[in-house]
Amino acid sequence: MATNQTNTNTVSFPEHLVCDAPNDMVKRESTLGNLKYLVVGVMFGIVFVKAEIISWFRIQEMFRLHSFHMYGVIGSAVVVGMISVFLIKKFNIKTLAGETVQFHPKKFMRGQIYGGLLFGLGWGITGACPGPLFAQIGSGYVAVIVTLLSAIAGTWTYGLLKDRLPN
Amino acid sequence: MELIELIKKPWPWYVAGPLIGLTVPTLLLIGNKSFGISSSLRHICAACFPANISFFKYDWKKEIWNLFFVVGVLVGGFLATQFLENPDDFVISEKTIAALRELGIQDFKGLMPADLFALENILSLKGFIFFVFGGFLVGFGTRWAGGCTSGHAIMGLSTLQLPSLIATCCFMIGGFVMVQVLLPFIFKLF
Numbered sequence: 001m002a003t004n005q006t007n008t009n010t011v012s013f014p015e016h017l018v019c020d021a022p023n024d025m026v027k028r029e030s031t032l033g034n035l036k037y038l039v040v041g042v043m044f045g046i047v048f049v050k051a052e053i054i055s056w057f058r059i060q061e062m063f064r065l066h067s068f069h070m071y072g073v074i075g076s077a078v079v080v081g082m083i084s085v086f087l088i089k090k091f092n093i094k095t096l097a098g099e100t101v102q103f104h105p106k107k108f109m110r111g112q113i114y115g116g117l118l119f120g121l122g123w124g125i126t127g128a129c130p131g132p133l134f135a136q137i138g139s140g141y142v143a144v145i146v147t148l149l150s151a152i153a154g155t156w157t158y159g160l161l162k163d164r165l166p167n
Numbered sequence: 001m002e003l004i005e006l007i008k009k010p011w012p013w014y015v016a017g018p019l020i021g022l023t024v025p026t027l028l029l030i031g032n033k034s035f036g037i038s039s040s041l042r043h044i045c046a047a048c049f050p051a052n053i054s055f056f057k058y059d060w061k062k063e064i065w066n067l068f069f070v071v072g073v074l075v076g077g078f079l080a081t082q083f084l085e086n087p088d089d090f091v092i093s094e095k096t097i098a099a100l101r102e103l104g105i106q107d108f109k110g111l112m113p114a115d116l117f118a119l120e121n122i123l124s125l126k127g128f129i130f131f132v133f134g135g136f137l138v139g140f141g142t143r144w145a146g147g148c149t150s151g152h153a154i155m156g157l158s159t160l161q162l163p164s165l166i167a168t169c170c171f172m173i174g175g176f177v178m179v180q181v182l183l184p185f186i187f188k189l190f
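Keeping their order, the protein sequence lines are chains A and B. Each residue of the first sequence is one higher than the one before, counting from 1 in UniProt numbering. Each residue of the second sequence is one higher than the one before, counting from 1 in UniProt numbering.
Just so you know, the hints here were simulated from the structure itself, not pulled from any lab data. Among the hints, erroneous ones may be present.
The calculated PhoX-like cross-link candidates involving lysine-lysine, where the alpha carbons are at most 20 Å apart (straight line), are [stated by the list, open to error]:
#1 B:Lys109 - B:Lys95
#2 B:Lys62 - A:Lys27
#3 B:Lys8 - B:Lys109
#4 A:Lys27 - B:Lys188
#5 A:Lys27 - A:Lys94
#6 B:Lys109 - B:Lys9
#7 B:Lys61 - A:Lys36
#8 A:Lys36 - A:Lys94
#9 A:Lys27 - A:Lys107
#10 A:Lys36 - B:Lys188
#11 B:Lys188 - B:Lys126
#12 B:Lys57 - A:Lys162
Required output: the full structure, derived from the provided sequences and hints.
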């Protein structure tokens, strides 16, 4: 069965590596196994709320250069992420399942500029990138469900128009 | 001070940032997963309405961890708000308050201004701009850019990728243009 699954996974997904958060684990995981990502998500959501990153006001402060908070959060997150990735590569640290950690070099595409600018405009209006959207809804800001649905519609529209856009 | 009291206070950047950064090795080491959140929106499209669009024809079930992750973020938001709520007043920069007052924002009590995020705004022009239009830009833009603040700014920069640096700069430029240049015009509509 395992070989079967590997086969179906590797065929026919040329887009796969374009995905920004690919699953590179060779072994399939059960629903129970997937619960660990839910737990990591819960921790992440708690940090989002407690550091007030989900706040529309914090995003306003950031883009008005009135507070260092968001720059400190993103900057220190990147530094910790960089050191972690460096250590994983240097000592060839394996995953829990004993696999080699996979990294994907990203290719430059014009979409990173056009799409990046559009996302930035949306970030300035909604005060949320995709992660905080989920945390805002969990925090009881029910109206944000509309924002999330619209973001899903935006993603869908991109998929529809993809081949007609400069990528 | 008791630990729980300390946890209930807003967390400073030097606590929150490193914790967010640690998500990168945590996901890599527990399951060889690259950190990224906007991809969950794509998986939802692929799972619910693929509509025969090639961009949504892939094995989304293989990526289902990403959906578990974002459901976790939602639950985490709920738990933090219900059980770890900050007992003190929410503090915003005085300069930001002054600038937003000028635009017509009056509520500075919570994390989100009720002037914009109240439920009854959903069907108004305000709701259309702040939820529908803004949300659409977030979903369309992140997918076109191939990632968001997590996939590009955190995961991409952690792995020293130039395209992610370019994308992150564009996110910031877009945000500055919206807040500094366009928002005053948008608020004139109400």
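So, going through the hints one by one against the coordinates:
Of the supplied pair hints, the one linking B:Lys109 and B:Lys95 holds, its CA atoms being roughly 16 Å apart against a limit of 20 Å. For the suggested pair B:Lys62 and A:Lys27, the alpha carbons sit about 10 Å apart, so the restraint of at most 20 Å is met. Only pairs whose Cα atoms come within 20 Å are accepted, and B:Lys8 paired with B:Lys109 is accepted, the gap being roughly 17 Å. With a C-alpha separation of about 55 Å, the suggested pair A:Lys27 and B:Lys188 falls outside the 20 Å cut-off, and the hint is violated.
A threshold of 20 Å between alpha carbons decides the hint, and for A:Lys27 with A:Lys94 the separation of about 14 Å falls inside it, so the pair holds. Proposed proximity of B:Lys109 and B:Lys9 is supported: the alpha carbons are some 15 Å apart, at most 20 Å. Restraint check for B:Lys61 and A:Lys36: satisfied, since their Cα atoms lie roughly 16 Å apart, inside the 20 Å limit. Our distance criterion of 20 Å between C-alpha atoms is met by A:Lys36 and A:Lys94, whose separation comes to about 17 Å.
Among the hinted pairs, A:Lys27 with A:Lys107 is inconsistent with the structure: their alpha-carbon atoms are about 27 Å apart, more than 20 Å. Our distance criterion of 20 Å between C-alpha atoms is broken by A:Lys36 and B:Lys188, whose separation comes to about 47 Å. As the CA atoms of B:Lys188 and B:Lys126 are separated by approximately 11 Å, the hinted pair is consistent with the 20 Å bound. Of the pairs offered as hints, the one joining B:Lys57 and A:Lys162 holds, with about 13 Å between alpha carbons and a cut-off of 20 Å not exceeded.
Violated hints, listed in ascending order, are 4, 9 and 10; each of the other numbered hints is respected by the structure.
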